[in-house]
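Engineer: The primary structure of each chain is shown beneath.
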Amino acid sequence: MTESAVPKHDEPIASGGFWYWYGRGLREVFSLPALMLMTAFVGFAGFAREAGLPAGQVVLMTLMIWALPAKFVLAAAIQSGASLAAAFIAVTLSSARLMPMVVSIVPEMRTKGTRTWVLVFLSHFVAITAWVIAMDRFREVPREWRTTFFAGLGCTLTLGNTALVGVVYGLAPSLPAELLGALFFLTPVYFLCSLWGSAREPSGQLAMVFGLLLGPVFYLLVPGVSLLATGAVAGVAAYGAGRFARWWANRT
Amino acid sequence: MTYQSIDALWWQIAFILIAGWIATDLWRVMGVLLGNRIRETSEVLVFVRAVATALVAAVIAQLIVFPSGALAEQTSLGLRLAAGGAGFAAFLAFGQRVAVGVFGALGVLGVGMALGL
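Line order of the protein sequences matches chains S and U. Letter 109 of the first sequence, counting from 1, is numbered 109 in this note's numbering, and no numbers are missing. Letter 90 of the second sequence, counting from 1, is numbered 90 in this note's numbering, and no numbers are missing.
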C-alpha cells in the first residue's frame with residue numbers, strides 16, 4: 001500500500017523494474033509444465049544413479065547440459081559403453097532441436113540494445129519446458145523486460161532442478177521401489193506427449209512413430225550405436241515419407 | 001575411447017563436458033548467431049528435426065521397453081506398454097494436455113502394479 005502511495009519518478013510502478021520481471025519469470029517455476037519437468041528430473045536422477053554415474057557428475061550434467069533428452073542420451077550412451085565420438089554425435093543429434101527453438105525465441109526477446117553475449121548466456125536455459133512457458137507468457141511481458149523475465153525463469157528452473165537432482169540422487173536408495181518405478185516411468189511418458197506436441201510437420205510425428213518402433217529393434221541388433229542408428233534410419237525414412245506426401249499432395 | 005576407458009575423474013568430467021555440454025550448447029550458440037537469418041521452415045531444418053525426433057523417440061522406447069532397476073523389477077513389459085499407450089491415447093483424446101497423458105499413464109501403471117500384473 002505505502003509503496004504505491006509514494007511517487008517514484010525514475011521507475012514507474014506500472015511497468016515494474018528488474019526484480020519485478022525477474023520475479024515474474026521465477027514464479028513460473030510453480031506452473032504445471034514446470035512441475036511435470038521436476039518429476040521427470042526425479043526420474044533422471046534415479047536413472048543416472050542406476051547407470052553408475054557418481055552424484056557430482058550427475059549434478060554437473062544437469063547444470064551444463066540442462067536439456068533432459070540430451071542428458072538421457074548421454075547417460076544411456078555412457079551406460080552402454082559408447083565411445084566419446086559416438087556419444088558426442090548421439091547427443092549432438094538429439095539436441096539439434098535446440099537450434100530452431102533458440103532461433104525462434106531470440107527475435108522475441110531482442111531489442112536494439114540487447115548484447116549478443118546476454119542472448120548466448122540466456123540460450124543455455126532453452127529446453128522444451130522453458131521454451132514452451134516463455135513463448136506462452138511473453139505476450140504479457142513488455143519487450144524490454146523479456147530477457148529479464150526469461151533469466152528469472154531459466155536460472156530458477158535450472159538451479160532448482162539441479163538441486164533437486166542432487167537431493168533425489170541421495171534419497172533414491174531409501175525411496176520405496178514402487179514409487180521409484182512409477183517415477184522412472186513418468187519420464188518417457190512426459191517426453192512422449194511433449195515431443196508429439198512440439199512436432200511441427202507430419203515428418204516429425206512420423207519420425208517419432210518410426211523411432212519408437214525401430215528403437216527397441218536396433219537396441220537388440222546393434223547395442224553400441226542403437227540411438228544413432230535409429231535416428232538415422234527412422235529420421236531419413238520419416239523425412240522421405242514427408243517429402244513424398246508433400247509431392248503427392250502437390251501433384252497435378 | 002569410452003567413459004570407462006580411463007578410470008580417472010578428469011577423463012569422466014572431460015567426457016561429460018565434450019559429449020554433453022559442447023554437444024548441446026553448440027546448437028544454442030548457433031541458434032543465437034543465426035537469429036533471424038534462417039527460416040524455421042527451411043528444408044535442412046525439417047530433415048534435422050526428423051532425425052532428432054527419431055533419436056529422442058528411440059530413447060523413449062528404450063526407457064519403456066528396456067528399463068533398468070526399479071521399473072524393470074516392479075512391472076512387466078506388457079503393463080508398461082499398456083500404460084504408455086493408454087496415457088498417450090488420453091493425451092491425444094483430451095486436447096493434447098501433457099498432464100492428462102502423464103497422470104493417465106501413471107494411473108494405469110499404478111492399478112496394474114497393485115493387481116500384480
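Because the hints were derived from the structure by calculation, they are not lab data. Just so it is clear, CB atoms sit at the ideal spot from N, CA and C, and this is done for glycine as well. Check before you lean on any hint, since a few could be wrong.
Said to hold, decoys possible - Now the in silico label distances, taken between C-beta atoms and shown as ranges:
| # | chain 1 | residue 1 | chain 2 | residue 2 | range |
| --- | --- | --- | --- | --- | --- |
| 1 | U | L117 | S | P107 | 45 to 55 Å |
| 2 | S | Y20 | U | W11 | 37 to 47 Å |
| 3 | S | A85 | U | A8 | 16 to 26 Å |
| 4 | S | V217 | U | Q4 | 47 to 57 Å |
| 5 | S | K112 | U | F94 | 39 to 49 Å |
| 6 | U | L81 | S | K112 | 25 to 35 Å |
| 7 | U | I13 | S | S15 | 42 to 52 Å |
Engineer: Run every hint past the structure and note whether it holds.
Structural biologist: Hint by hint, here is what the structure shows:
Range check, L117(U) to P107(S): Cβ separation about 50 Å, and the 45 to 55 Å hint holds. Our hint of 37 to 47 Å for Y20(S) and W11(U) holds, since their Cβ atoms are close to 46 Å apart. For the pair A85(S) and A8(U), the beta carbons lie near 19 Å from each other, so the given range of 16 to 26 Å is met. Look at V217(S) against Q4(U): about 26 Å separates their beta carbons, and that is not inside 47 to 57 Å.
For K112(S) paired with F94(U), a C-beta distance near 43 Å keeps the hint of 39 to 49 Å intact. A hinted range of 25 to 35 Å for the beta carbons of L81(U) and K112(S) is inconsistent with their spacing of about 53 Å. I13(U) and S15(S) have their C-beta atoms about 44 Å apart, which keeps the hinted 42 to 52 Å range intact.
The structure fails to meet hints 4 and 6 from the earlier list, while all remaining hints are met.
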